[in-house]
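Taken in order, these protein sequences are the chains called B and R. Residue 310 in my numbering sits at position 313 of the first sequence, and the numbers go up by one each step. Residue 448 in my numbering sits at position 451 of the second sequence, and the numbers go up by one each step.
Quick caveat, the hints were computed from the structure, so don't treat them as lab data. Take these hints with a grain of salt, some might be off.
[Said to hold, decoys possible] Listed next, the stretches of chain R that the computed footprint assigns to chain B, with coverage defined by at least 3 CB atoms under 8 Å from CB atoms of chain B: (1) 175 to 183; (2) 247 to 254; (3) 281 to 292; (4) 337 to 344; (5) 347 to 354.
[Unchecked claim] Computed far set for chain B versus chain R, every beta-carbon distance over 10 Å: (6) 146; (7) 186; (8) 197.
In this text, a Cβ means the ideal position worked out from N, Cα and C, and glycines have one as well.
2 protein chains.
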Amino acid sequence: MTETQDHIAEIDNSWISLATTFVSEPEIFDEVLTATKSTDLAHDFSLVEVQAIGKLFHMVSIEQAARLLGELPDGQAVEIIENIDSWRSAEILNQLESPLRVRLISALTEELSKEITSNMPAEEAEEIAEKVSWPDFSAGALMSSSHLKMKAKDTVSNTIAYLEKEQESAADSDVQYLYTTSDSGALVGVVRIRDLLFSSKNTLLETIMIANTISVSAEDPLEELSELFDRYSYLGVPVTAKDGELLGVVKRQTVSEALASREANTFLKASGIVGGDELRSMPLALRSRRRLSWLSINIVLNAIAACVIASFEDTLSTVIALAVFLPVISDMSGCSGSQALAVSLRELTMGIIRPGEVLRVCFSELKMGIINGAVLGSLIALVTWIWKGNAYLGLVVGGALAVNTVVAVLIGGSLPLILKKLNKDPALASGPILTTVTDTVGFFLVLSLASFFIEYLR
Amino acid sequence: MTETQDHIAEIDNSWISLATTFVSEPEIFDEVLTATKSTDLAHDFSLVEVQAIGKLFHMVSIEQAARLLGELPDGQAVEIIENIDSWRSAEILNQLESPLRVRLISALTEELSKEITSNMPAEEAEEIAEKVSWPDFSAGALMSSSHLKMKAKDTVSNTIAYLEKEQESAADSDVQYLYTTSDSGALVGVVRIRDLLFSSKNTLLETIMIANTISVSAEDPLEELSELFDRYSYLGVPVTAKDGELLGVVKRQTVSEALASREANTFLKASGIVGGDELRSMPLALRSRRRLSWLSINIVLNAIAACVIASFEDTLSTVIALAVFLPVISDMSGCSGSQALAVSLRELTMGIIRPGEVLRVCFSELKMGIINGAVLGSLIALVTWIWKGNAYLGLVVGGALAVNTVVAVLIGGSLPLILKKLNKDPALASGPILTTVTDTVGFFLVLSLASFFIEYLR
Chain B
-2 MTETQDHIAE IDNSWISLAT TFVSEPEIFD EVLTATKSTD LAHDFSLVEV QAIGKLFHMV
58 SIEQAARLLG ELPDGQAVEI IENIDSWRSA EILNQLESPL RVRLISALTE ELSKEITSNM
118 PAEEAEEIAE KVSWPDFSAG ALMSSSHLKM KAKDTVSNTI AYLEKEQESA ADSDVQYLYT
178 TSDSGALVGV VRIRDLLFSS KNTLLETIMI ANTISVSAED PLEELSELFD RYSYLGVPVT
238 AKDGELLGVV KRQTVSEALA SREANTFLKA SGIVGGDELR SMPLALRSRR RLSWLSINIV
298 LNAIAACVIA SFEDTLSTVI ALAVFLPVIS DMSGCSGSQA LAVSLRELTM GIIRPGEVLR
358 VCFSELKMGI INGAVLGSLI ALVTWIWKGN AYLGLVVGGA LAVNTVVAVL IGGSLPLILK
418 KLNKDPALAS GPILTTVTDT VGFFLVLSLA SFFIEYLR
Chain R
-2 MTETQDHIAE IDNSWISLAT TFVSEPEIFD EVLTATKSTD LAHDFSLVEV QAIGKLFHMV
58 SIEQAARLLG ELPDGQAVEI IENIDSWRSA EILNQLESPL RVRLISALTE ELSKEITSNM
118 PAEEAEEIAE KVSWPDFSAG ALMSSSHLKM KAKDTVSNTI AYLEKEQESA ADSDVQYLYT
178 TSDSGALVGV VRIRDLLFSS KNTLLETIMI ANTISVSAED PLEELSELFD RYSYLGVPVT
238 AKDGELLGVV KRQTVSEALA SREANTFLKA SGIVGGDELR SMPLALRSRR RLSWLSINIV
298 LNAIAACVIA SFEDTLSTVI ALAVFLPVIS DMSGCSGSQA LAVSLRELTM GIIRPGEVLR
358 VCFSELKMGI INGAVLGSLI ALVTWIWKGN AYLGLVVGGA LAVNTVVAVL IGGSLPLILK
418 KLNKDPALAS GPILTTVTDT VGFFLVLSLA SFFIEYLR
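Kindly produce the complete structure, drawing on both the sequences and the hints.
Structure representation (structure tokens):
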């Protein structure tokens, strides 16, 4: 309750009394919300039982609830929606801007999202259903539908009347453009609002609009949008359906936010956090189930590598020192592989490599693997020789690490490209596959080499 | 040469002939550059020897070189600068917008950045030196100095004359505001450019400016800037020194880009890629040295864990099956720990936890660790029992994994907070420390438990 509390020192710090104040004095609520940083809000909310927050969202006005929800990180907002009655959630979500609304609804369980949309006006529900169906991070999923549009055949005076009527709802969004459509609703041009000021009342929009305006398709992925905003200084770009119908507008700001959020997602997924952001305020059972879903795949994959060790128990019992090096080889190869993996994921995002260029990446990583493998292998061979006084043991362990380093960087480098080509999520699947392969190959290398040289290792 | 090539099908595909065309026909260059996606450009450049690209940057005009550089990812741009003569780099960098220029110069070796700035006009060099000194991702590092400013005592007609003169240089940046300063250069207000149109020529700016405008300090970190742009719909915010002097303007777009770039950095560092983006086009020696610098720390840390195993060789030789489980325990604990680590890094970024709240995180992870530890431990105990027909062995392995899962999530969850509090980079250091602790404790747990129950394990 740190910052929020400071701003409202006059009331005591129990959450419900705070909530009650909000309800009875909406001006204080707005003032507090404006003065509170959204990270402080997120922090304070994370300290309170989510059920209590759910109650608060029933007590404040719909507008206030929507504003509050918009300030919070998505994960937290979803959690709160799950603790509000669905008819209320429907009202609150109706107040939100489209990309946020679609994002939140997509993150809900199918059951809950159906329940909520069934409480919305049919038209809204249909619109949402359509938008939720766009692929993640596509123009369709990111577009806002609160844009201004008129028919190209409309006059300037009609348009100004329309703008005056829309004034209120458009006040927040720094609107500078208005889109013109044909009678069938297809996008035909864009009008700078300031140009309306210099035109006579009877001018048709089509005479002052910029025709052949740049637009994107609803299926276009985030990379395309990012490219476009890099190249042009537009604040928003219209989104059209295949038949040219104007569906919405993607804003520059939305695209930038989506890029940051996708980077964060990559990190989370590569670390084994599945199903979106995990917040510690979420129910323990849900968090535990999600983490276990990834861990249980890993434990099965681990068993594969363990079987290799088990099949060499004779060699191990003859040269027990080998047991010391198995985890070292597993860990070091994993590290080398994860470096190559991170570089590939990053180069894929930047467009520097393409999913088809597996050979190019392999060639580059091969050279790297040979150098790093030689360095790491020699290092561990030397340590082993000095420690155990047996040069052959050093050779076996060092040789296995050297070769396995090459294997690790080749797999780590190429796996993200292959998965991407297969339309699988490289961030999520690469890590576990990489570990399994490097462990299995690494254990096999060191133990089969040891079996071969067993005479010299006793 | 994919896309670029398509756009200039009339010339052959050798890089130098392309470059020569650029030099002799600057209009084609501009056309090609506009038609080429920046990711395609980055991809094509990554296929060419960087020395050849260096030559190209000597052949095209300074403006063209600057434009080209601005389209590329930072890592690639830095690499190219390293292959251009420093006097030429100085000229090209002089053409770039301030945040990009500062970012690129910061990423160079100190030697090279000194050499380049020594080729710049003294005033420019000084300005850059000052900006490079701001902490990464602070308002000072992210601000642009191409803003418009006038004295508050200036008249509207003087201002319009100034704007006309600046027209050319400001054409690109969608400028809508002009900042007003006192005679000493301190920020006093902001003027909407469109308001100039409605004021009489002799009006002083101070009568139409918005006084007490919101500004940030040059030291303010990225989080503060992100907060500010979340709260207000400004496109830019003025940056001031401690004494109120107007230093520059941070743009909304720059802040969004910085957020995405910081997320990407977190992932790279957590994966062992140090020293910024690694591109496969960079010199092999540099890439290998950087990767080895992280790997060599890991190999030393690995040796600590290996020593634990070595000290239990007697137990191991009695129950050789234990060797099968050591890597499994190491890997599974590592996975559990990295999940907790990712959640903490993410919650830190979102502001949901603060560096001081170690206990709160530990309490939350303790519950998670007990549940997941019990599940994973039971699973592996059962498998071991069935496989080896020895319930005690199952108990030893399962018990060790269960306890070590708790240790792993506690360390993984709290380490980023502790490192942040100590002003260390949590993304970079957390992983290796986590692995070492979980391996050491894990090996000790399973082997000391086995020694204790050795009678039942034979």
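Determine which of the earlier numbered hints do not hold for this structure and return their numbers in increasing order. 1
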